[in-house]
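**Q** Residue strings, one per chain:
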Amino acid sequence: MIRQQELGITTRGRGTYDISDRVQEAVRASGIQTGTCHVFIRHTSASLMLSENADPAVRRDLETFMARLVPDGDPMFTHDAEGPDDMPSHVRSILTQSDLNLPISGGRCALGTWQGVFLWEHRSAGHQRQILLTISGE
Amino acid sequence: MIRQQELGITTRGRGTYDISDRVQEAVRASGIQTGTCHVFIRHTSASLMLSENADPAVRRDLETFMARLVPDGDPMFTHDAEGPDDMPSHVRSILTQSDLNLPISGGRCALGTWQGVFLWEHRSAGHQRQILLTISGE
Amino acid sequence: MIRQQELGITTRGRGTYDISDRVQEAVRASGIQTGTCHVFIRHTSASLMLSENADPAVRRDLETFMARLVPDGDPMFTHDAEGPDDMPSHVRSILTQSDLNLPISGGRCALGTWQGVFLWEHRSAGHQRQILLTISGE
Numbered sequence: 554m555i556r557q558q559e560l561g562i563t564t565r566g567r568g569t570y571d572i573s574d575r576v577q578e579a580v581r582a583s584g585i586q587t588g589t590c591h592v593f594i595r596h597t598s599a600s601l602m603l604s605e606n607a608d609p610a611v612r613r614d615l616e617t618f619m620a621r622l623v624p625d626g627d628p629m630f631t632h633d634a635e636g637p638d639d640m641p642s643h644v645r646s647i648l649t650q651s652d653l654n655l656p657i658s659g660g661r662c663a664l665g666t667w668q669g670v671f672l673w674e675h676r677s678a679g680h681q682r683q684i685l686l687t688i689s690g691e
Numbered sequence: 554m555i556r557q558q559e560l561g562i563t564t565r566g567r568g569t570y571d572i573s574d575r576v577q578e579a580v581r582a583s584g585i586q587t588g589t590c591h592v593f594i595r596h597t598s599a600s601l602m603l604s605e606n607a608d609p610a611v612r613r614d615l616e617t618f619m620a621r622l623v624p625d626g627d628p629m630f631t632h633d634a635e636g637p638d639d640m641p642s643h644v645r646s647i648l649t650q651s652d653l654n655l656p657i658s659g660g661r662c663a664l665g666t667w668q669g670v671f672l673w674e675h676r677s678a679g680h681q682r683q684i685l686l687t688i689s690g691e
Numbered sequence: 554m555i556r557q558q559e560l561g562i563t564t565r566g567r568g569t570y571d572i573s574d575r576v577q578e579a580v581r582a583s584g585i586q587t588g589t590c591h592v593f594i595r596h597t598s599a600s601l602m603l604s605e606n607a608d609p610a611v612r613r614d615l616e617t618f619m620a621r622l623v624p625d626g627d628p629m630f631t632h633d634a635e636g637p638d639d640m641p642s643h644v645r646s647i648l649t650q651s652d653l654n655l656p657i658s659g660g661r662c663a664l665g666t667w668q669g670v671f672l673w674e675h676r677s678a679g680h681q682r683q684i685l686l687t688i689s690g691e
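Protein chains in written order, with my numbering: chain A, 554 to 691; chain B, 554 to 691; chain C, 554 to 691.
Take every hint as true, because none was put in to throw you off.
Partial list, derived from the structure: chain C residues whose beta carbon lies under 10 Å from chain A:
no.: 1; residue: Q557
no.: 2; residue: V623
no.: 3; residue: M629
no.: 4; residue: H632
no.: 5; residue: S646
no.: 6; residue: I647
no.: 7; residue: L653
Rough simulated footprint, nothing fancy, chain A against chain B, three-plus residues with beta-carbon under 8 Å:
no.: 8; stretch: 576-589
no.: 9; stretch: 599-605
Treat the hints as calculated values from the structure; they're not laboratory data.
Where is the CB? At the ideal position from N, CA and C, for every residue including glycine.
Construct the complete structure from the given sequences, taking the supplied hints into account.
**A** In structure tokens form, the structure reads like this:
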């Protein structure tokens with residue numbers, strides 16, 4: 554059995570957005586007990602990650618790390634038509650994930666205790682982001 | 554239903570190679586309407602990425618970024634039997650993807666407007682690369 | 554057909570652990586001939602990677618690279634309740650993989666000749682790690 558569902562996420566600019574509950578709700582609604590939930594983001598300037606879900610300092614530190622590794626406005630970048638955060642957002646995306654696959658067990662995504670599913674918006678401005686879920690199993 | 558297909562890609566050395574059309578053609582030929590297309594590269598010195606498909610400057614900038622982050626011939630690397638690009642090619646591979654899963658909807662990979670599927674050759678010399686597609690669904 | 558299986562891995566601290574044989578054995582036991590084997594780690598301070606399996610110097614060099622890119626005790630990190638390796642372990646995890654999908658062909662994971670599946674422990678101390686395999690196919 555396969556079920557697909559779109560999730561629209563409105564971001565308020567750079568930062569991480571917890572989508573774990575929305576993914577779990579889609580899995581529950583599918584009725585699938587055992588299988589996988591594939592999460593796909595249809596953009597190249599925002600990405601997905603599984604990260605620690607308890608201490609918000611972890612996501613702040615991830616942001617700090619990325620800001621140092623891929624600085625906005627770095628003169629080595631030539632693709633800057635949309636501003637100093639344009640090319641860094643593509644680099645951050647390729648260093649993280651555009652798709653995640655999550656195991657489903659007992660009708661739920663079998664995440665670890667400390668794992669959350671996050672959309673990571675890399676652009677400075679807010680955007681409307683589309684995620685496509687493909688839930689497969691029995 | 555499951556269909557597997559090999560894609561052979563001949564590279565001309567370091568750089569990105571758009572394989573979107575070949576992946577889409579395999580999905581079309583499978584007849585599968587809803588599901589996923591798994592793309593797997595059977596190498597550890599070339600990788601896969603989903604990236605912006607319109608402006609070639611994006612891929613040039615990604616190359617520039619990687620050349621700075623993981624310089625060829627960096628003296629910290631001890632594994633250099635195949636040359637100064639040997640170990641950097643393994644590092645670049647683990648920082649990007651060896652497998653991608655793409656959602657299939659309406660008989661096509663449901664990529665975003667600006668998303669392309671690229672093989673990223675990390676070795677200086679050209680290589681013959683093998684990709685294995687596993688297309689699953691209904 | 555879908556089969557799930559947990560793998561428990563006891564690590565002895567930071568480093569890479571080859572789990573290829575355990576994954577292949579689970580695929581063999583499932584009887585599935587064609588499909589995918591999804592490997593998922595239920596933690597955010599250890600990750601998965603496909604890497605070169607022949608020369609141990611490759612994994613040593615990967616460790617050296619990560620130690621330079623994400624140094625333990627870097628003062629930019631504020632999340633350090635569990636020590637100087639706490640936040641770096643989360644960063645290393647998001648730069649590598651929490652889930653891998655491997656194609657199954659002829660009853661085995663169709664890895665390339667030089668590809669091995671590794672758990673990468675990022676914490677200094679040993680941990681008990683849980684991996685969940687979801688094997689799907691025909």
